[in-house]
Amino acid sequence: MNVAIDIFTIVAISAGAVFFMAGTVGLLRFPDSFTRLHALTKADNLGLGLIVLGLLPQASGLLGALKLVAVWVLVQLAGATVAQLIAHALRRKGPPT
Amino acid sequence: MSVIQALDIGLALLVLAVAGWTIAAREAFASVVGYVAYGLLLSLVWVRLFAVDVALTEAAIGSGVTGVLLISAVVRLRKTEAPAAAERPGVVLRALAAALCTVVAAALAAVVLLMPDPGATLAPEAGQHLGELGVGNPITAVLIAYRSFDTMLEKVVLILAVIGVWSLASDGNWGGVAGPRRGARPEGALAFLAQLLPPLGIVVAIHIVWVGANEPGGAFQGGAILAAMALIVLMARLTEAPEIRRRWLRLALIAGPAVFLVVGIAGFAIPGSFLAYPAGWAKPLILLIEAFMTLSIAATLPMLVIGPPDRPPS
Numbered sequence: 001m002n003v004a005i006d007i008f009t010i011v012a013i014s015a016g017a018v019f020f021m022a023g024t025v026g027l028l029r030f031p032d033s034f035t036r037l038h039a040l041t042k043a044d045n046l047g048l049g050l051i052v053l054g055l056l057p058q059a060s061g062l063l064g065a066l067k068l069v070a071v072w073v074l075v076q077l078a079g080a081t082v083a084q085l086i087a088h089a090l091r092r093k094g095p096p097t
Numbered sequence: 001m002s003v004i005q006a007l008d009i010g011l012a013l014l015v016l017a018v019a020g021w022t023i024a025a026r027e028a029f030a031s032v033v034g035y036v037a038y039g040l041l042l043s044l045v046w047v048r049l050f051a052v053d054v055a056l057t058e059a060a061i062g063s064g065v066t067g068v069l070l071i072s073a074v075v076r077l078r079k080t081e082a083p084a085a086a087e088r089p090g091v092v093l094r095a096l097a098a099a100l101c102t103v104v105a106a107a108l109a110a111v112v113l114l115m116p117d118p119g120a121t122l123a124p125e126a127g128q129h130l131g132e133l134g135v136g137n138p139i140t141a142v143l144i145a146y147r148s149f150d151t152m153l154e155k156v157v158l159i160l161a162v163i164g165v166w167s168l169a170s171d172g173n174w175g176g177v178a179g180p181r182r183g184a185r186p187e188g189a190l191a192f193l194a195q196l197l198p199p200l201g202i203v204v205a206i207h208i209v210w211v212g213a214n215e216p217g218g219a220f221q222g223g224a225i226l227a228a229m230a231l232i233v234l235m236a237r238l239t240e241a242p243e244i245r246r247r248w249l250r251l252a253l254i255a256g257p258a259v260f261l262v263v264g265i266a267g268f269a270i271p272g273s274f275l276a277y278p279a280g281w282a283k284p285l286i287l288l289i290e291a292f293m294t295l296s297i298a299a300t301l302p303m304l305v306i307g308p309p310d311r312p313p314s
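Chains as they are written, first to last, in my numbering: chain L, 1 to 97; chain C, 1 to 314.
Hints were generated in silico from the structure; no laboratory data involved. Heads up, a few of these hints could be off.
[What the hints assert, rightly or not] Using 25 Å as the maximum straight-line C-alpha spacing, the simulated SDA-like pairs for lysine to any residue come out as follows:
no., chain 1, residue 1, chain 2, residue 2
1, L, Lys42, C, Gly34
2, L, Lys67, C, Ile206
3, L, Lys93, C, Val75
4, L, Lys93, C, Ser72
5, L, Lys93, C, Ile206
One chain only, chain L, in its complex shape:
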């Protein structure tokens, strides 16, 4: 049982790391600020979600697990808000180049 849980953790965290990698590649390779923003926020939210999912079975009790989920929710909230703010600022500056 323990081995199965550890394998689940490793798989989920590795998948999360792949999403982070994909987001970073998108940030470096995409042509304009809007698509770069898209790559970063979407991939990071999913990536962090998978990492938190992988860490949940390793958490010390229910409180630790809830804290992990709270971290994920707060990062999502902050990430989504900041993405909106940056996109707004970009729109005010003019059409994407």
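With chain L fixed as given, assemble chain C onto it according to the hints.
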């Protein structure tokens, strides 16, 4: 070499690289972004050194509050950036600056490399008396009990900093609403976050102050979170900053050091020396001081960030 060691070396190299990039960046804004990233990486380093209290403070103050402060400074300096970049200091000045930096870096390196191994430590003594104080976190014990004089003076320095910022206001604006005049329309997404986050943030801040007695956390970290909540609400323009002539604001600013001082002077009367806590009363007194210090820090940091008033009081 184990995986953890490889990660530590990678982290150290990353910190050095980001530090170098921050110095080399041509634009002030890019440099500030580098500095914020540097602060966050540094807090990871503190976590790896098992100094979670320092890591929390570094993340909140070093990159959080200071980052906001520096970004607003960059915005104000934007007009002068191009002329300032055009001025190149002479060869002699640059050589002198390089020499000075080399000497300072060499002196710091010498101090670090010549440190005795194992280093002198007071950690066992710090851990010995935790029971008498009623706290389990030795860092809190150092801050509020063993070296409480330093902590009190730090808070006084914060008030002096606020006075320094306020004194930049022109005579006509003295007593007015703190901070620069802002546009009227709040930004939708930010306003939503500013309505959603503060209830959560206040609970987290109180939790962090409370667990500070036994685990990483404390008045400074909790106060910084409260200050961040106040700043989000101000930035989203949900409300105006208070007028700096308000009595409640000034009381909130001085409450922490004032309570600290009163407890300290009471120490003369009961146990017999300044800032000494009477036996059995240490824990409640520490909690009292921490509560008022949290309030003062939560009031001081936003006042430092938003700056002096630029319109007269109504």
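Which numbered hints fail: 5
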